[in-house]
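K.L.:
Mapping the sequence shown onto the UniProt record's numbering, position 140 (from 1) lands on 140, and the numbers just tick up by one.
Some clues are possibly wrong.
[Claimed, not checked] List time: in silico DMTMM-like cross-link candidates among lysine to aspartate or glutamate, alpha-carbon distance up to 20 Å: (1) K307 / E344; (2) K231 / E197; (3) K307 / D345; (4) K352 / E334; (5) K7 / D23; (6) K297 / E21; (7) K352 / D340; (8) K9 / D281; (9) K255 / D244; (10) K59 / E103; (11) K107 / E83; (12) K55 / D23; (13) K9 / E21; (14) K255 / E335; (15) K9 / E296; (16) K55 / D12; (17) K107 / D91; (18) K95 / E41; (19) K7 / E21; (20) K92 / E103; (21) K235 / E21.
[To be verified] Simulated restraints, written as ranges between beta carbons of each label pair: (22) C236 / G18: 19 to 25 Å; (23) R14 / R90: 31 to 37 Å; (24) F171 / S211: 19 to 25 Å; (25) P237 / A162: 48 to 54 Å.
Read the hints as simulated data drawn from the structure, not as lab findings. All C-beta atoms, glycine included, are put in the ideal place defined by N, C-alpha and C.
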Amino acid sequence: MPRYRYKAKSEDGRVHCGTEEADSGRALFVILKSRGLYCYEYSSQERTPAACSAKLNQKQLPLLCRQIAAMLTAGVSLSRALEVSAGSARDKTLKAALAGLRENIHKGRTLSEAMEEMKGVFPNLLIYMTRTGESSGRLDELLHKMAEYYGREEELNGKVRAAMTYPVILFSITVMAAVFMLTMVLPRFASMLQEQELPWITRMMMRLSFSLCSHGFLYIMLILILMALFKGILKCPSVRLQADRAVLYTPIIGKLLRTVYTSRFASAFAVLYGSGIGILDAMHTVGRVMGNSYVEKGLAQAAERLKGGVMLSQALEEQDLFQPVLISMVAAGEESGALDMVLEDAGSFYEKEAARAVNQMIALLEPAMILILALVVGSVVMAIMIPVFNMYSSML
């Protein structure tokens, strides 16, 4: 019997870590639930198939779900569907994952158990939905839903990445242009400018240029150390929580991320709740796919409020995590008894809102970054040209 290492929370919010023997990850959930513990992270201490160590990315998940769902709908057996999908897959990671699934299926495991055995390769949400599909006899239908969900997530994440990448590229160009002019251009004029009285901007730039030329390697090492230190600090749960909270309230970017999280919550919750999963389990599962520890903690607190008999709309409103319109739509869905349909519509609506917010952010950041680039380069040019013009004026 395989042994699992787990992390779980009790009803009072305390974290429990340990190991437990269980037939599968699903059996581990049942064992821990009987003890009043909710498992949110676990890993098998048995070795997974060597070829399947890489995690599937967001682009591969829609294809995986769509292929398997299509063949199951056509009456193809699961083992054969995995074999055909693995044979036609061009991506090495996807091919290895499908081969690993087929290997576990041949050992007598269900698809969800096979995914659990390859812990870290498949996201928890997909494993959870696969298990629900197996128990309800609607595996093909739920895999179709997951293909659509991951497809929308990839499209939205791609737009967000594009929005974040553009200002980073402009900032990098600005820094490289400034460093080039300070280390390559300004030193060429230094000897010519030393014999005259220099304006303050030129003196400042020359000091900076001398410092970069003399201690450039130390500055690079300092930046790398600070980046590594920052990355290490972010691994601390309390620091990560505060950082995730801060970014949610950052001007411009915070508004965009809040819209993205609203869309992600609505879409994921609609898929889970519409598939017959209980509202509390859905809340905990959605929290783990949000990608923000502050939002995850808020959803866990909202789930605790649900246990006390509070309506979902009220519990979400108290946390102030999502856009106000979503809260109104959730309240309407609760009153009408069509919460899953309302949230599905809300997810589609906020996907479009997120795309619009991305375009707005690019429209705001583009001129701002170009202006900063012009100011930085212009300052260096002025530092060079002002004393040059003064020198030529004195010669006339």
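K.L.:
Hint by hint, note whether the structure agrees.
P.N.:
Status of each hint after checking the structure:
1. K307 / E344: violated, 24 Å
2. K231 / E197: Status violated; Cα separation ~45 Å.
3. K307 / D345: The hint is violated at about 26 Å.
4. K352 / E334: Answer violated: K352 to E334 is near 24 Å, above 20 Å.
5. K7 / D23: holds, 18 Å
6. K297 / E21: violated, 29 Å
7. K352 / D340: Judged against 20 Å, a Cα distance of about 19 Å means the pair holds.
8. K9 / D281: holds, 13 Å
9. K255 / D244: holds, 13 Å
10. K59 / E103: violated, 23 Å
11. K107 / E83: Judged against 20 Å, a Cα distance of about 15 Å means the pair holds.
12. K55 / D23: violated, 23 Å
13. K9 / E21: Cα-Cα ~18 Å, so holds.
14. K255 / E335: With Cα atoms ~29 Å apart, K255 and E335 exceed 20 Å; violated.
15. K9 / E296: The hint holds at about 14 Å.
16. K55 / D12: Violated, because 33 Å separates the two Cα atoms, which is more than 20 Å.
17. K107 / D91: Given pair K107, D91 is violated - Cα atoms ~25 Å apart, limit 20 Å.
18. K95 / E41: With a Cα-Cα distance of about 26 Å, the restraint between K95 and E41 is violated, given a limit of 20 Å.
19. K7 / E21: holds, 14 Å
20. K92 / E103: holds, 16 Å
21. K235 / E21: violated, 29 Å
22. C236 / G18: 19 to 25 Å: holds, 22 Å
23. R14 / R90: 31 to 37 Å: violated, 47 Å
24. F171 / S211: 19 to 25 Å: Because 21 Å falls inside the window, the suggested range holds.
25. P237 / A162: 48 to 54 Å: violated, 30 Å
In this structure, the hints that do not hold are numbers 1, 2, 3, 4, 6, 10, 12, 14, 16, 17, 18, 21, 23 and 25, in rising order.
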